[in-house]
Amino acid sequence: MLENWANAFAAVFTSRILIFLGKGLLNTLYIASVSIVLSLAFGTILGLMRNSKGHVVRWAATLYIEIVRNIPLVLFIISFRFMTKLPALESGIAAMTVFTSAIIAEVVRGGLNSVGKGQWEAATSQGFSRVKTMWYVIIPQALRRIRSPLVSQFVTTIKDTSFCAVVGTAELSYRSKVAMAQPTIVTAEDIIVLYLLVAMAYYVINRIFAGIARKQRGNAMKGVVR
Amino acid sequence: MSGPFSLYNWKTWFSDWTVFAHGFLRTIYISALGLLFTLVIGIIVGVLLCGKRRVILAICRGYLSFFQNTPLVIQVFIYYNVLPKIGLRLDVITIGVMGLALYTGAYAADIVHSAIKAVPTGQMEAASSQGFSYVQAMVHVILPQAVKIGLPPMTNQAVNLIKNSSVLAIIAGGDLMYFADSWSGDNLIYGPTFVMTGVLYLILCLPISMLARWLEKRSVRNA
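Chains A and B are the protein sequences, given in the same order.
Here the first sequence is numbered in our numbering, starting from 1 and rising by one per residue.
Here the second sequence is numbered in our numbering, starting from 1 and rising by one per residue.
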């Protein structure tokens with residue numbers, strides 16, 4: 001019994017498998033981090049558009065957000081993989097950015113709307129223009145409130161990269177499937193150790209971000225003026 | 001007209017519509033069952049999280065932590081690959097329902113937990129002063145009030161669950177996304193397939209999303 005587990009560790013913790021999975025993890029982090037940066041940019045623009053006064057702009061942003069939010073990420077992943085000529089990782093990034101931007105747009109909008117109307121009125125009464133009110137009064141307050149949900153979104157995005165396994169992208173989840181098919185991985189114990197290792201890799205990274213998000217939620221609660 | 005959206009492609013897609021109807025129904029079936037078990041898990045774990053027994057708290061927190069911080073794909077891989085090896089053979093539908101319920105249940109428990117916490121403590125005190133036991137007070141006084149608070153985020157989780165049911169495509173689960181992936185690959189018809197699959201998911205998710213938004217607005221108004 002104990003021998004089986006010892007053998008399982010020996011089978012999984014070989015340099016070949018660890019390097020193979022490690023490269024998968026790097027690809028996962030690459031897809032996730034580029035997607036997050038791009039989604040933050042596009043999501044913020046979309047969120048501002050959805051809150052804007054222009055009818056066409058607001059309508060276009062609403063349409064985009066509502067359609068994308070209600071379709072599974074996997075559909076975007078397979079669409080970009082099979083209908084564009086992008087390389088595997090980049091097609092994953094494109095799909096994840098299209099999807100995550102819509103989610104972040106909603107977070108941004110929620111943050112902006114959470115700042116009370118009185119703040120707008122007070123700033124305007126002091127002679128602030130719309131843009132200046134937004135930049136100096138609304139955004140700083142909104143930012144404090146959305147920092148926590150945005151960091152939580154990092155966790156979601158890192159987890160979401162695993163959906164790229166559907167199209168065989170060489171990220172960690174797909175590579176765990178490939179590693180499992182190696183002739184050295186045989187027994188139930190081998191597979192359990194392999195998947196626990198992979199699960200732990202995701203877990204450790206996500207826990208760090210989840211911890212930051214929780215801390216920021218605490219900070220955001222402290223300075224709230226209602 | 002040629003290209004991915006040619007008339008021929010559309011015709012071919014529609015001639016095989018029953019395949020997608022089949023997948024669509026299976027997605028609904030799996031999501032409905034998944035949601036049912038999600039609620040069961042969410043309520044049980046959410047109530048337990050409000051208790052004070054250290055061992056139970058540690059187990060519940062461990063469950064939440066693991067299932068929220070690892071991808072659903074990996075969890076499903078584990079059920080699909082590990083369980084048969086230890087003598088537990090489950091069909092893909094069971095794996096799908098189980099995977100979705102355990103994953104979403106971890107979020108549902110969080111929602112139930114904070115909804116209960118949001119009910120003023122005076123309610124529990126008043127109920128016990130009237131001779132209600134802890135369980136009675138929970139069922140008759142606290143949970144009905146918590147439902148109002150927890151319903152909007154729970155509705156959002158229902159949408160997430162439906163979207164996440166597409167994880168079945170990875171284990172050949174016969175759901176809508178599986179057929180979108182496999183049928184398009186077999187027939188090399190991508191444009192109409194992906195557009196129509198998107199439309200079918202929208203038909204499922206959009207009304208529930210709109211319901212969630214309406215519930216949110218209502219609860220803000222009543223607050």
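Honestly, the hints are just simulated from the structure, not real lab data.
Check each hint, because a few of them may be wrong.
[Said to hold, decoys possible] Derived pair list, reagent style DMTMM-like, types lysine to aspartate or glutamate, alpha-carbon separation capped at 20 Å:
1. B:Lys11 with B:Glu216
2. B:Lys148 with B:Asp110
3. A:Lys117 with A:Glu106
4. A:Lys85 with B:Asp110
5. B:Lys217 with A:Glu66
6. B:Lys217 with A:Glu106
7. A:Lys215 with B:Asp186
These numbers come from a predicted model, not from an experiment.
Now for the hints, and whether the structure bears them out:
no.	hint	in the structure
1	B:Lys11 with B:Glu216	violated, 42 Å
2	B:Lys148 with B:Asp110	holds, 15 Å
3	A:Lys117 with A:Glu106	holds, 19 Å
4	A:Lys85 with B:Asp110	violated, 42 Å
5	B:Lys217 with A:Glu66	holds, 17 Å
6	B:Lys217 with A:Glu106	holds, 15 Å
7	A:Lys215 with B:Asp186	violated, 49 Å
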